[in-house]
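Trainee: One-letter residues, chain by chain:
4 protein chains.
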Amino acid sequence: MLLILKQNANYSSLKEKLNNSSASYKFLDLYGKKLVVTWPDTYVENIKDESIEIAVKSKRQFPLVSNEWKKDPTIVKVKDVEIGGDRLVVAAGPCAVEDEEQVLTVAKAAKRAGAKLLRGGALKPRTSPYSFQGLGERGLEILRKVGDQVGLPVVSEIMDTRQIDMFKKYADMLQIGARNGQNFDLLKEAGKSGMPVLLKRGLGNTVDEWLLAAEYLLLEGNGNVVLCERGIRTFEKATRFTMDIGGMIAAKLQTHLPICADPSHPAGKRELVHSLALAAVAAGADMLLIEVHPNPEKALSDSEQQLTPDSFELLMNRIRALANVLGRKV
Amino acid sequence: MLLILKQNANYSSLKEKLNNSSASYKFLDLYGKKLVVTWPDTYVENIKDESIEIAVKSKRQFPLVSNEWKKDPTIVKVKDVEIGGDRLVVAAGPCAVEDEEQVLTVAKAAKRAGAKLLRGGALKPRTSPYSFQGLGERGLEILRKVGDQVGLPVVSEIMDTRQIDMFKKYADMLQIGARNGQNFDLLKEAGKSGMPVLLKRGLGNTVDEWLLAAEYLLLEGNGNVVLCERGIRTFEKATRFTMDIGGMIAAKLQTHLPICADPSHPAGKRELVHSLALAAVAAGADMLLIEVHPNPEKALSDSEQQLTPDSFELLMNRIRALANVLGRKV
Amino acid sequence: MLLILKQNANYSSLKEKLNNSSASYKFLDLYGKKLVVTWPDTYVENIKDESIEIAVKSKRQFPLVSNEWKKDPTIVKVKDVEIGGDRLVVAAGPCAVEDEEQVLTVAKAAKRAGAKLLRGGALKPRTSPYSFQGLGERGLEILRKVGDQVGLPVVSEIMDTRQIDMFKKYADMLQIGARNGQNFDLLKEAGKSGMPVLLKRGLGNTVDEWLLAAEYLLLEGNGNVVLCERGIRTFEKATRFTMDIGGMIAAKLQTHLPICADPSHPAGKRELVHSLALAAVAAGADMLLIEVHPNPEKALSDSEQQLTPDSFELLMNRIRALANVLGRKV
Amino acid sequence: MLLILKQNANYSSLKEKLNNSSASYKFLDLYGKKLVVTWPDTYVENIKDESIEIAVKSKRQFPLVSNEWKKDPTIVKVKDVEIGGDRLVVAAGPCAVEDEEQVLTVAKAAKRAGAKLLRGGALKPRTSPYSFQGLGERGLEILRKVGDQVGLPVVSEIMDTRQIDMFKKYADMLQIGARNGQNFDLLKEAGKSGMPVLLKRGLGNTVDEWLLAAEYLLLEGNGNVVLCERGIRTFEKATRFTMDIGGMIAAKLQTHLPICADPSHPAGKRELVHSLALAAVAAGADMLLIEVHPNPEKALSDSEQQLTPDSFELLMNRIRALANVLGRKV
Ligand SMILES: C=C(OP(=O)(O)O)C(=O)O
Ligand SMILES: C=C(OP(=O)(O)O)C(=O)O
Ligand SMILES: C=C(OP(=O)(O)O)C(=O)O
Ligand SMILES: C=C(OP(=O)(O)O)C(=O)O
Ligand SMILES: [Mn+2]
Ligand SMILES: [Mn+2]
Ligand SMILES: [Mn+2]
Ligand SMILES: [Mn+2]
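As they're listed, the protein sequences go chains C, F, L and E.
Residue numbering for the first sequence follows our numbering, starting at 1 and increasing by one per position.
Residue numbering for the second sequence follows our numbering, starting at 1 and increasing by one per position.
Residue numbering for the third sequence follows our numbering, starting at 1 and increasing by one per position.
Residue numbering for the fourth sequence follows our numbering, starting at 1 and increasing by one per position.
Among the hints, erroneous ones may be present.
As the list claims (entries may be wrong) - Distance condition first, Cα-Cα at most 30 Å in a straight line; then the derived BS3-like pairs of lysine-lysine:
1) 237/E - 59/L
2) 26/C - 71/C
3) 298/F - 17/L
4) 79/L - 59/L
5) 15/F - 192/F
6) 57/E - 269/L
7) 26/E - 298/C
8) 329/L - 269/C
9) 188/L - 298/F
10) 57/F - 71/C
11) 77/E - 237/E
12) 57/F - 237/L
13) 59/C - 269/E
14) 59/C - 329/F
15) 188/E - 192/C
16) 329/C - 17/F
17) 298/L - 237/C
Keep in mind the hints are simulated off the structure, nothing from the lab.
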C-alpha cells in the first residue's frame with residue numbers, strides 16, 4: 001500500500017497506527033512528495049488518518065516504480081541533462097577507459113555529434129579473470145577530467161558496495177551492470193547514495209525482476225533511476241544477446257521512470273548497432289547508451305561492437321531524423 | 001558450391017563431369033539465372049567447364065539464400081504488389097477468417113489505411129484441439145472473394161502438404177507458420193508450388209535454421225520467399241514471444257530475400273503492437289504483417305493482440321511518417 | 001467436461017441434450033471406456049443424463065491426457081512390448097537407417113543387450129536440405145525386415161500426413177519428431193491411424209503444449225501414446241539441447257500416459273549420453289530411446305551422439321542395476 | 001599457460017624472464033603445488049626455465065579449473081566433511097534461518113537422516129524488497145550455534161564483499177548465490193578468504209561462464225570450490241527453473257572440482273524435488289543441497305519447495321539405495 005501524505009501534516013498519529021499494526025512500513029520523500037510504503041497490503045487496508053491524502057493499492061509488485069500513483073513521467077537529472085523529457089538523450093563513450101587520449105578523442109567526437117553524456121568503464125565485469133579488468137580509480141579520474149574538459153557529465157559502472165565513495169567523487173551517474181542486476185546490497189547502497197542510477201536489466205532477468213530491482217532503489221528514497229534494456233540471454237547466437245524491445249515497452253507501460261536502450265551489447269557486432277538503436281528510438285526509448293571507440297579493433301574489451309566516431313556521427317544523424325518524426329529532439 | 005551458368009550454353013559436358021564426381025547436384029532456374037548447386041563443396045572444387053560463368057563458394061550453409069552470389073535485393077511479387085522494393089508493404093487482416101462480413105469490414109478499412117495485402121487464417125494451428133480450428137476451405141473462399149472485391153491480394157496459412165491444390169485455387173501467397181518452420185515436407189511442397197511464400201521463423205528456431213528453411217524452398221526452384229520474424233520463445237513472459245529485431249537484421253545482412261516483421265504475435269497484447277511495428281520499420285523491415293479485427297474482444301483466436309481498424313489506421317499514419325524519413329514509401 | 005458413460009446404455013437422450021446445448025462434443029472409445037468430451041465447460045455444466053456414470057471437470061486444458069479421470073497408468077502395447085508397466089523399455093537403433101547390414105548389426109547388439117524395440121529413421125528431418133534426407137520407403141523396408149529377423153518391433157519417424165499408409169505397412173509405432181511437435185494435421189492423422197505413437201516434445205514447446213499435442217491424438221480416439229522428452233532449446237550450448245528432467249516429471253505428475261526420455265539428442269555428444277540416460281531412469285522414465293550405430297563416426301546423421309554397440313551394452317548394464325533399486329525390471 | 005613448478009626450486013630466474021616478457025602472470029600455491037599462470041598464452045610460449053616441471057597449455061579458458069593439469073578429483077574439506085570423494089555429501093536445512101527452534105528441528109532431523117552439512121540463509125537475496133530479507137548476523141549466530149550443538153558444519157550465503165569477516169566468524173563454507181554468479185568483486189574476496197566456497201551457477205549463465213567464475217576463485221589461490229547447478233532460466237514455467245543435468249555433466253567432464261546439485265530451487269514445488277535429486281545422483285553429482293523446513297507452508301521464503309523432515313528422510317533412503325548401486329556411500 002502506498003500512502004501519499006499531506007505535506008506539513010502531523011504524522012505522529014499515523015506512525016502510531018502503523019506501529020500498532022503488524023505491517024512493515026517506511027516513510028519516504030520522493031519526487032517532492034511525502035510517502036509511506038507499507039506491506040503486506042492486507043495488514044493496513046483499514047488504516048485511516050488525517051495525514052493521508054490518498055491511499056494507493058498497487059496491482060503490481062512495485063508500488064513506487066509503478067505509474068499507478070505517479071502518472072507524469074519522471075525526469076532524471078544528471079547535472080543539467082534531463083532524461084525522460086522531450087529530448088532523447090544519448091550517452092556515448094568507450095566500453096572501457098583505456099587512457100586519456102582515447103577517452104578525449106571519443107568524448108570530443110561524441111559531443112560534436114550530439115551526445116549529452118560520456119560513458120566509460122573504469123571497473124569492468126569480465127567473464128574471464130584473464131581479461132582486462134579496467135584501470136580502476138585511475139580510469140575514473142580520466143573520465144572525470146575529460147568529462148569536465150569537454151563539458152559532458154559522466155556515467156560509469158560501479159561493481160561493489162565498497163566503491164560508493166569513490167564514485168561519489170568522480171561520477172555523475174552510477175551504472176549498475178547486467179551482471180549485478182540482482183546484486184541487492186549494491187542496489188541498496190546505490191539507493192542510499194542518492195546519485196542518479198542507470199540500472200541495466202540483468203541478462204537473465206524478467207521485466208518484473210528488473211522493475212523490482214528499481215524498487216530497491218526507490219525504497220531507499222532514490223527516485224533518480226533510469227532503466228536500461230541491454231539484451232537478454234536466449235537460444236539465439238547470431239547476436240550476442242537478444243534485445244528485448246517488447247520487454248522494454250512492457251516496462252515503460254508500467255512505470256514513470258525513463259527507459260534507456262543499449263544497442264551495443266545485444267548487437268555484439270558493429271554492423272547491427274545502428275538498426276537496433278533506431279528500433280529502440282522508434283519504440284519509444286528516452287535514452288540510448290552507445291559504445292564508441294577511436295579504434296575499435298584495438299579495444300581492450302567489446303572490440304567487435306564499438307562504433308568508430310564516424311559511424312557514431314552517422315548514427316546520430318539518423319537518430320535525429322527519426323526522433324524528429326516522433327516529436328522528439330536529440 | 002554454386003555454379004552460375006552461362007545462358008544458352010551446352011550443359012552436357014558439365015553434367016557428365018558432375019555425374020562422374022561423387023557430388024550431389026541440382027540444376028535450377030532462379031531469378032532469371034541458370035544455376036547448379038552442388039554439395040558437398042569439397043567434391044567439386046576442381047570442376048571446370050565452358051558453361052560455368054562463375055563458381056561461388058559460399059561461407060554460409062545456405063548458398064542460394066545467401067547474398068554472396070546475388071547482391072541485389074530480391075523483389076517478391078504477389079500479383080502486382082512488390083515486396084522488397086522501395087515500398088514498405090503492409091499486410092493486414094484478422095487472425096482467423098470468421099465470416100464474410102468480418103473479413104470485408106477489415107479488408108475495407110485495411111485498404112483505406114494503406115495495406116497492400118489481405119491476411120486471414122482459414123486453417124488455424126491451435127495449441128489446443130478444443131480451440132477454434134478455422135473455417136477450412138470455406139474460409140479461403142471468403143478470403144478470396146473479399147480480396148477480389150476490395151482489390152487486395154490474399155495471404156493465408158497452409159498447414160499440410162495435402163492442401164497445396166486448395167491454396168493454389170484461392171490464395172495469392174502461402175504463409176508457413178511458426179509451428180511449421182521446420183516442417184520439411186511442407187517446405188518442399190511449397191517450394192514446388194512456385195507460389196510466393198511468407199516463411200515465418202519457427203518459434204524455437206535460430207536465424208540459421210530459418211535461413212536453411214528458406215533454402216529448402218529455393219532448392220525447389222522457388223525464389224519467391226519473404227522471411228517473417230514473429231518472435232521467439234524466451235524466458236520473458238511480459239510479452240507472448242520475444243520479437244528478435246537483432247536476429248531479423250542478422251538475417252537481412254546475409255540474404256537477398258525481403259524481410260517481414262509480424263509485431264502482433266510477439267506482442268500478444270494490443271498495446272504493444274504499435275511500438276513493435278515501428279521498431280521493425282526503423283530497423284529495416286520490408287514488410288509488416290498485422291492482425292486487425294473489427295471487434296477484437298470477440299475474436300475467435302488471438303483476441304488480445306488484434307488491433308481495431310481505427311488503431312490500425314493510426315498505426316499506418318505513424319508508419320508512413322517513419323518510413324518517409326527512412327527513404328521509403330508505404 | 002469429460003463424461004464417462006455407462007457401458008451399453010442408450011445414449012440418444014444425451015446426444016439430443018448435447019445437440020440442444022451450444023457445446024461442441026465428441027463421443028470416444030478410450031481404454032475400454034465410452035466417453036464424451038464436451039467444450040467449453042460452461043456450456044454443459046448442468047447436463048444430466050441417465051447414461052452418464054461420472055462427469056469430470058478437469059482443472060487442466062487436456063482432460064483426456066490428464067490423470068484426473070484415469071488414475072491407473074496407461075500401458076501402451078507395441079506388439080508384445082508393454083510401455084508404462086513394470087518394465088523399463090529401451091528402444092535402440094541408429095539415428096538413420098543407412099543400409100541393411102548397419103541396421104542388422106545394431107539390432108542384434110541392441111537385442112542382446114536388452115533393448116525391446118528397434119528404432120531407425122527412414123525419413124530424416126534435417127536442418128539443411130544438403131544433409132542426408134534418409135532412404136525413404138527403402139529404409140522402412142530394411143527396418144521391418146531386420147526387426148522381424150531379430151524379433152524386435154520397430155519405431156520410426158513419420159514426417160508428413162501422406163505417409164500414413166506407408167507407415168502402417170512397415171512400422172509398429174509412429175515417432176512424431178521434435179520439429180513436428182505442433183504439426184497439428186500430422187497429429188490428427190496419427191490419431192486416426194490408431195497406431196502407437198511416440199510423441200516427442202517440440203524443441204520450443206512447453207510441457208503444457210506437449211500435453212495438448214497428445215490431447216490431439218487422444219481426441220481422435222487413439223490412446224496409445226508415449227510422451228518423449230528430448231531436450232529443449234535454451235541459451236546453453238555445452239549440450240545440443242537442454243534435457244528437461246523437471247519438465248518430464250511435471251508432465252508425468254499430470255498424466256496417465258507413459259513417459260520416455262531420449263538422452264541422445266540433448267546430449268549431442270556421446271560422452272554425455274550415459275549420465276543423461278541414468279538421470280532419466282532415476283527420475284522415473286518408463287522408456288528410453290537411444291541412438292546406437294555400429295560405427296558412429298561414419299554415421300550419415302547425428303554422428304557425434306550415437307553410441308557404439310559396446311558402449312550401449314555397458315549402459316544397459318548400468319540401467320539394469322539402477323532400475324533394480326527403483327523396483328523396476330528392464 | 002600453466003607452469004607447474006618444481007618444489008623448493010629457485011624461481012628468481014623465471015620471475016625475471018616473466019618480467020621481461022609482456023605477459024601477465026601470477027604465482028600460486030594450489031593443491032600442494034607451486035604454479036604460475038601466465039596470459040595470454042602466446043606471450044610465453046617459448047619461456048624455458050630450470051624451475052619449470054611441466055608447462056600445460058590449456059585448450060580451455062579456465063586453466064586452473066580444468067582437469068587437463070590435475071586429473072585427480074579435488075576433495076574439498078569443510079571441517080571433517082569431504083566433498084568430491086567416495087561419499088555423496090548431502091547438505092540440508094531451511095531456505096532461511098527464521099529462529100533457533102526452526103533450525104534446531106531441521107538440523108536434528110537432517111543429521112539423523114544422514115545429512116553431513118547444515119544449510120540456512122541469514123542474508124536472503126529476494127527479488128522483492130518487500131520480502132523477508134533474512135535475520136542477518138543474528139541468523140548466522142543461530143546457524144553456528146545449532147551446527148555446533150548438532151555436530152554439522154554450516155554453509156550459508158554471502159551476498160556482499162563487506163560481509164567476509166562476519167562469515168569467517170560464523171560459517172564453515174561460503175555459498176555464492178545464483179544472483180551473484182558473476183559478482184566478480186565478491187568472487188575475488190571469497191577467493192582471498194580461503195574458505196570453502198559453494199559456487200552456484202548464475203541463473204542466466206552458461207557452463208563456461210560458471211567455470212570461469214570458479215577460475216576467479218582459484219586465481220586467488222583458493223582451490224576449495226564446489227560447483228553447484230541450481231537450474232537455469234528457460235521458457236519452461238512448469239518448473240521454477242530448468243535443472244540442467246546435461247550442463248552439470250558437461251562441467252564435470254572438464255574440471256577436477258566437485259559438483260553439487262540443488263534440486264530444490266529448480267523444482268520450485270515440493271513434489272518434484274525427489275525426482276530431481278535422484279536424477280542428479282544418478283548423473284554423478286558429488287553433493288546435494290536440499291531445503292528442509294519443519295513447517296514448509298509457514299516458511300518465510302521458498303515455502304512451496306521446501307521438504308518436510310519426513311519427506312527428507314524418505315528421500316535420503318532413496319538416495320542411499322541409489323548411491324549404493326553407483327558405488328558410492330552417503
Ligand atoms: C558491461 C557493460 O554492460 P552490461 O552490464 O550491460 O554487460 C557495459 O556497459 O560496458
Ligand atoms: C498463427 C499465426 O502466426 P504464427 O505462425 O507466427 O504463430 C498467424 O499469423 O495467425
Ligand atoms: C530426429 C530425431 O529426433 P528429434 O525429433 O527429437 O530431433 C531422431 O530421433 O532421430
Ligand atoms: C537463494 C538460494 O539459492 P539460489 O542462489 O540458487 O537461488 C538458496 O540456496 O536459498
Ligand atoms: Mn561493454
Ligand atoms: Mn494469430
Ligand atoms: Mn537423430
Ligand atoms: Mn531458497
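Trainee: So, for every hint listed, does it hold in this structure?
Mentor: For each hint, the structure was consulted:
1. 237/E - 59/L: 17 Å, holds
2. 26/C - 71/C: At roughly 22 Å apart (the allowed maximum being 30 Å), residue 71/C and residue 26/C satisfy the hint.
3. 298/F - 17/L: 26 Å, holds
4. 79/L - 59/L: 34 Å, violated
5. 15/F - 192/F: 23 Å, holds
6. 57/E - 269/L: Since the Cα atoms of residue 57/E and residue 269/L sit roughly 24 Å apart, the hinted pair holds (cutoff 30 Å).
7. 26/E - 298/C: 25 Å, holds
8. 329/L - 269/C: Violated. Residue 329/L to residue 269/C sits at ~54 Å, over the 30 Å cutoff.
9. 188/L - 298/F: Distance ~27 Å between residue 188/L and residue 298/F Cα, so the pair holds.
10. 57/F - 71/C: 58 Å, violated
11. 77/E - 237/E: 36 Å, violated
12. 57/F - 237/L: 28 Å, holds
13. 59/C - 269/E: Between residue 59/C and residue 269/E the Cα gap is close to 25 Å, so the pair holds against 30 Å.
14. 59/C - 329/F: Violated, at roughly 43 Å.
15. 188/E - 192/C: 25 Å, holds
16. 329/C - 17/F: 64 Å, violated
17. 298/L - 237/C: 28 Å, holds
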